[in-house]
Structures are given as C-alpha cells and as structure tokens.
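Peer 1: Below, each chain spelled out in residue letters.
Protein chains: 2
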Amino acid sequence: MFIDRLIEKIKEKDNPTVVGLDPRIEFIPVFLRKKYGDIEAVYHYNKIIIDTIKDIVPCIKPQIAFYEALGVKGLEIFKRTVEYGRKNGLIVIADIKRGDIGSTAKAYAKAYLEGGFVEVDAVTINPYLGEDSIVPFTDYCNKDKGVFILAKTSNKSSKDLQDLTTKGKRIYETVGHYIEKWGNEYIGNYGYSSVCSVVGATYPKEMKILRKIMKSAYFLVPGYGAQGGTAKDIIHSFNDDGLGAIINSSRGIIAAHTKEEYKKIYKEEDFHLAIRDAAIKMKNDINNELKRKFN
Amino acid sequence: MFIDRLIEKIKEKDNPTVVGLDPRIEFIPVFLRKKYGDIEAVYHYNKIIIDTIKDIVPCIKPQIAFYEALGVKGLEIFKRTVEYGRKNGLIVIADIKRGDIGSTAKAYAKAYLEGGFVEVDAVTINPYLGEDSIVPFTDYCNKDKGVFILAKTSNKSSKDLQDLTTKGKRIYETVGHYIEKWGNEYIGNYGYSSVCSVVGATYPKEMKILRKIMKSAYFLVPGYGAQGGTAKDIIHSFNDDGLGAIINSSRGIIAAHTKEEYKKIYKEEDFHLAIRDAAIKMKNDINNELKRKFN
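Here the protein sequences line up with chains A and B, keeping their order. Anchor point for the first sequence: position 22 equals 22 in full-length UniProt numbering, and the numbering is continuous, going up by one each time. Anchor point for the second sequence: position 99 equals 99 in full-length UniProt numbering, and the numbering is continuous, going up by one each time.
Just chain A, same shape as in the assembly (with noise of 0.2 Å):
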C-alpha cells in the first residue's frame, strides 16, 4: 500500500521530507548548461540532485508545470527524472494538480498511475469538480498508489475560496471531511490513508484546525523555506505518534548553491554538496522540532 511504503521509507531515513524538483534554467550551474544545452541539462541536474539526495530524503516531488514550460522536450525529461528517481528507491509524487470530469480524470489517471505517460506513486488533485473527478484517482489507492487532494493551499490568495464559510466551515475544513471520507476504505497498517491531503506550511492555524478533521489523512506540506514556512509552522501537520506529514522544500534545496551563505563554501562544480548541506539541514530542523514537541 502507498502510504505504508511513503511511511517506512521516513522511518527508514528518519526524514520526512520532500524535495521539489522544480527546475528553472536559472538554478542550473553553467559548466551544466554548457556541457549539455539549457534543455538536457534540466535532466542532468536532476539526476545529480538525485544522486546527491537519494540516501538522506525518502521522497522528490517534480512540478509539472516547469517541464510542460520546456515543450515536448521538457515533458520527456520529467518522464526520464521520475523513472531515474524511482530505480533510486526514491518515492516520486508527480505535482501535476490536476481535476477533471470522470471520463477525462480517468485519462489523467491512466497517464500517471497507470504509466500512460509515466508511472509515479502518487499525484496531486484538485478537488472543485467534487467526488467523481476524485474516485477515477483514488480507485488506484488499491494498486498501490496515492493520491494528495488540495485542502488549503500556501499561497496568499487560497483565501479567496477555501476561507469561504458555509454552514459554519470554512471550506477548506469541508474539503477536510470529503478527504477523511474518500480515505476511509484505504488505510493501512499505521493507520494512515493513502488518499492524502496538500496543506500549505503558510498557515499553521489552518493547519491544526485540519489535523483534528483529518485523522487519517497524511499531509503533503508545501511552503516551507523559500515560501516562508518553517519548522514552528509545520509543527502542527504531525500528530502525536510523531507522524502524518511529510514537508516539501523546492527552491530552498535544489537552489541551495545560489545562496550567499553557499556560495562562500562551494565552487560551481560542486552544487551537490550545498544541496546536499541544505537537504541535511532541513532534515535536522524538522527533526529537531519534532522532538521538542513529542519527545
């Protein structure tokens, strides 16, 4: 079952973290660039990245839309990235954030968690279309997969909608309760579901209000770092048995090396190991919060 191998694999590196390959030409070393053209060079620097951070971090997670941004080529290197990542025992969740009718949802499906375009773990969904654009994903929570459902989203606007009060509830605390019961038939052995839940590390009073309603649900933490999140912040995604969430940073690894505090230490040729640096860093924090609070 998904959520047992996402849960074993964090015990079993101690980490629960994710890093968001989120590539952007710019984050990309020259001597990179240069050996390889801006395009190839996207998927030998993920393939470092992930060479770098494949024994400390259980987890990546490649946004989409930064690949679909380098056209037909881009789309290939995402494909490539997750199949690298994979055969490196690395779990992949594919940020595509996707959310359509049944039939097309179906299509979305087939292409990420049937192998379509390519197979990963687990995708991101948008829940507005409501249950039948949800079930043609979740029905592969059987087969191994998971699915990361959008409850409140780190980024400034998500007030816009999910804040919404509607019988007393925001409706992102009704997402909540739709996610709690699209999960209920997929729980496993530690009492987590793998129909999972995105809950930005922005708003940490959200984020309590969100671990009551969902008891089973695991959560996705993006917003940590480069967003502002920190480890206070994320505290609140974990429950008491010191798990229940896995928290995601993007720029903050993969462009750790484009940082002064980085730069002063490492030379181009070796990014890898301020990646490397920021990845144990951020391990280190969560971890180190974590105890405070359940030990």
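Don't take every hint at face value.
Each pair may be met inside one copy or between any two copies, as identical chains are not told apart.
Unchecked claim - Think about it this way: if two alpha-carbon atoms lie no more than 25 Å apart in a straight line, the pair counts; the simulated BS3-like pairs of lysine-lysine are:
no. : residue 1 : residue 2
1   : Lys169    : Lys293
2   : Lys11     : Lys87
3   : Lys181    : Lys159
4   : Lys106    : Lys169
Hints are computed from structural coordinates only; laboratory data are not their basis.
With the hints as your guide, set chain B onto chain A.
Peer 2: For chain B alone, kept in the frame of chain A given last:
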C-alpha cells in the same frame, strides 16, 4: 484581442460551437489505425476532423488529458494538432484546467500562452487557489490570449463544493463575481471580456443565474450532447444580443461515425462525412433555438 477574434469567428461561421478533440483510440476508424499505428493515427484522425469542419466551426478544444494518457508521443500530437488547427484558421482553446500557486502558474502560462510547449489561443483554468493563481494567465489577455475559468462544471459531483452556500451565495456564484472582476480590464469591442467562464450545459438553472452575474464573461459550455445537455438547456448561456456563449461537443461530433444513425449511411472510409453531418446538425439545432428565443 482574443474575445473579439472569437466573436468575429463565430459571426463569420454563423456558428457558436466548439468541437472538442478528445480522441480515444476506439473512436478512430480501423483503416487509420492500420495505416499509422494507434498513436500516430490520433494525429491523422484529428487532421481529418479539422479539414472536415474548418469551414463550419470557429473553434476547437483539445482536452490534453487524452494526449497525456498516450505519453510523450501523445503530447507531441497535441502540439501538432494545435498547430494544424491554428494554421487552418481555427481558434484553439486548450482544455488543461491548470491551477497552481503564482510562480507555477507562470510556468503553465508560459507553456501554453507563450509557446513554451505550444502556443494556443486560450486555456481553461481552475479557480480553487484564488486570484494569485489566476493573474499569471489573465496577464496574457493584453497579448491577444483568452482564459476560461471554471465556475459551474457539467459533472454530477460539481455540487460537492460549487453548490455550497456562503454569505447567501453559492460558491459558483462567488466565482462568477470574481471572474467578472478579473475580466473587467480586458473588455473588447463587443462588450465582452477575454476573461471567460466555463458553465456546464447540464445545469440550466445555475446557468441563468450565472448569466446575470457575469455581464461581460463569454461562456464556454461543455456537457452538450453526450453528457445530456440539449439546445433548450444551453440557450440560457446566451444574451439578448445572441452572443455570450460557445457550446462544446466532443464525443457527439468526433465519434458521430460510431453511432447507428450514421453507420447506416456512411462506410468507414467516409467517417468524416458523419462528423461533418453531426457538426452541421449541432450548428442548426443551436441556431434554430437561438432564432426562436431572440428573433
């Protein structure tokens, strides 16, 4: 401006309809599949459809999910289909229903509205993440592009979130007000905005309400035909000027040759004639209903 181009094309063809290019392998005549192989046949099938309808129909709407499900080669065919359609004078709405935080939304907008992947005329997007996820797309309305934002979708479960009531208004109504606001600065010569909306044919009552809320948004109306929407249902998406909506049919047109009524008339090699007949029938049905209401 996109919206003026769209309206002029609708007037020129005297036809407020869109053909949805949602290819499934089983729709494609066997002689094409034998000649080109299943995947490449999709392109040739699309090409024949475009050649067949381009003098009748103003607009096509490829649904990207069906291409993603066919892998990298499928996505390449999506690109070639869009390019062939635009070269032949059709307006192309890419049905992608993307929605993500600002920086990611920018990458999607670059992919589809700037040609990073393929340049289309307009895209569909999902409003769940709020204004800062929308603006990266609507920014392109100054550059001859259009955006169709989901308000009330055609599927049964659209009620799960879209029909919830907040401050006396349904969520789809609130989204309608947002769309009207977001589109305010992109009004063209006919009083309509390049920021448009998606409103399902299957909900005529909600359509009437939304038509009143969104004075300047053009409606893209899915759900006609195969999903159950009739000419009487969709008539409420039009204004008294006879403008305001463009009605989509996908399966009803591109799989017309698989229906008994056409199978009796045309042999497999002439499948495009069934498609042409169905496209003309849809045009006439809708235009007759428009005449009944507005003349």
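Peer 1: Give me the numbers of the hints this structure contradicts, sorted from smallest to largest.
Peer 2: 1, 4
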